[in-house]
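Chemist: Chain residues, written in single-letter form:
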Amino acid sequence: MNLTLKIWRQKNANAKGAMETYQVENISPDSSFLEMLDILNDQLINEGKEPVAFDHDCREGICGMCSLQINGEPHGPGRGITTCQLHMRKFKDGDTIFIEPFRAKAFPVIKDLVVDRSAFDRIQHAGGYISVNTSGNTQDANGIPVEKHNADKAFDAATCIGCGACVAACKNASAMLFTSAKVSQFALLPQGRVEATDRVLNMVKQMDLEGFGNCTNTGACEIECPKGISLENIARMNREYLKASIK
Amino acid sequence: MSGIIKSSIARKVAMALSALFLLVFLLQHFIINFSSVCSEDTFNELSHFMGTNPFIQYLMQPILIFGVVFHFVMGFILEARNNSARSVKYVKYNGGANSSWMSRNMIFSGIVILAFLGLHFYDFWFPEIAHKYIHALPEDPGRYYGEMVVKFHDPIRVGLYCLAFVFLALHLLHGFSSAFQSVGFNNKYTPAVKKLGKAYAIIIPLGFIFIALFHYFNSL
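Read top to bottom, the protein sequences are chains A and B.
Be aware that the first sequence starts at 1, since it is given in this note's numbering, and climbs by one per residue.
Be aware that the second sequence starts at 1, since it is given in this note's numbering, and climbs by one per residue.
A few of these clues could be false.
Unchecked claim - 30 Å max Cα-Cα, derived DSBU-like pairs, lysine-lysine:
#, chain 1, residue 1, chain 2, residue 2
1, A, Lys227, B, Lys132
2, A, Lys171, B, Lys6
3, A, Lys247, B, Lys6
4, A, Lys111, A, Lys171
It should be emphasised that the hints constitute simulated quantities derived from the structure, not laboratory data.
From just these sequences and the hints, can you work out the full model?
Modeler: Here is the structure:
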């Protein structure tokens, strides 16, 4: 496959970026999108040019590190996948592909396609945990009965890998799907109920402080989420928040 | 408490509650208007009741005005915040791949509805206030039907009304179920709520269009 790539290039956080055009040739349809970028970077290095900076780590769809807005969609045109799981067979020979960083005020660009997603870490630090006594007298988690339905829902919420696709997809750059998944995974379990009130208030407060937008229920986040996190979690977070607010 | 008032979720819930109130209001408005198609006397009776009942006039009407103003003001506040959350826009944004046009353009359909409300108030509400409180004219229970149908003799006005109702339908197609989601209602009944929302969003505006066209063609 021969492709034209239009890629956002930005030297550093303070520099003004712009889209630049590159050509790549003889790309196998079976290569992954990130492998295609590796080939482009080899080409750029051989030409003595600066390679394109992009985030990646496990390359098996579980770490949440790879990002990229590809042709106007986070993680590209596939569903239920991260960018590293996107293959070039999704594109046609001769295509022009737009590659941009995830855009949000709370996700500033560090370089090229790399953005700072530490806003998610700060939301998580604000309450995305349970306080467990680790003195050796901790109750065995398996000894606490959990309704199957709730256990399944909590597990579904816990599969969020914090990649930021929800923010990137949302027209408002809202982080409510991420935050609600983290709220839900604990709110549904007895171990998480103890700190449920403070958790939801603090996490939502931090989410707002980071400068994310409001959810307008477009559902784009749910569609683009590589782990299929449901909007049900946002409704649950809203209920949890209302309950916590009137306590 | 100020933290809660400023919170994104509290604002969304307040927005949704005002929307749910307006949905109920719109339904009763539609029922009364539709009575004008069936019977002049019934329309006059219902309008006279709504125009003179103290509970409606001095409690529900101020609540309604507050609800409408709040819904628009909060809509603009949320839109401004949402716009600022992505200061650098995408060069290529494929919103249609993952969300409906209606859900992404609530502000535009809302602005059209706001403009329509200006015309609607100019046509009906301001003359009503002037009749009652400025000119202090005596109440005539039979005046309402005539005052209403005369407005629908003008084809341009009828066209503007019909256009506004199309945008109202687009607004409601997303807004109805979105309001339920915002207040935390997402469960096994959600598919039914979505179907009800679609039915409401199509039937009510279509009904208003029918009423406007009915009175226009009746006047020819």
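Chemist: Would you mind marking each hint as holding or not holding in the structure?
Modeler: Against the structure, the hints come out as follows:
Proposed proximity of Lys227 (chain A) and Lys132 (chain B) is contradicted: the alpha carbons are some 60 Å apart, above 30 Å. About 21 Å separates the Cα atoms of Lys171 (chain A) and Lys6 (chain B), which keeps this hinted pair within 30 Å; it holds. At most 30 Å may separate the alpha-carbon atoms for a hinted pair to count; Lys247 (chain A) and Lys6 (chain B) meet this at roughly 18 Å. Restraint check for Lys111 (chain A) and Lys171 (chain A): the C-alpha separation of about 23 Å stays at or below 30 Å, so the hint holds.
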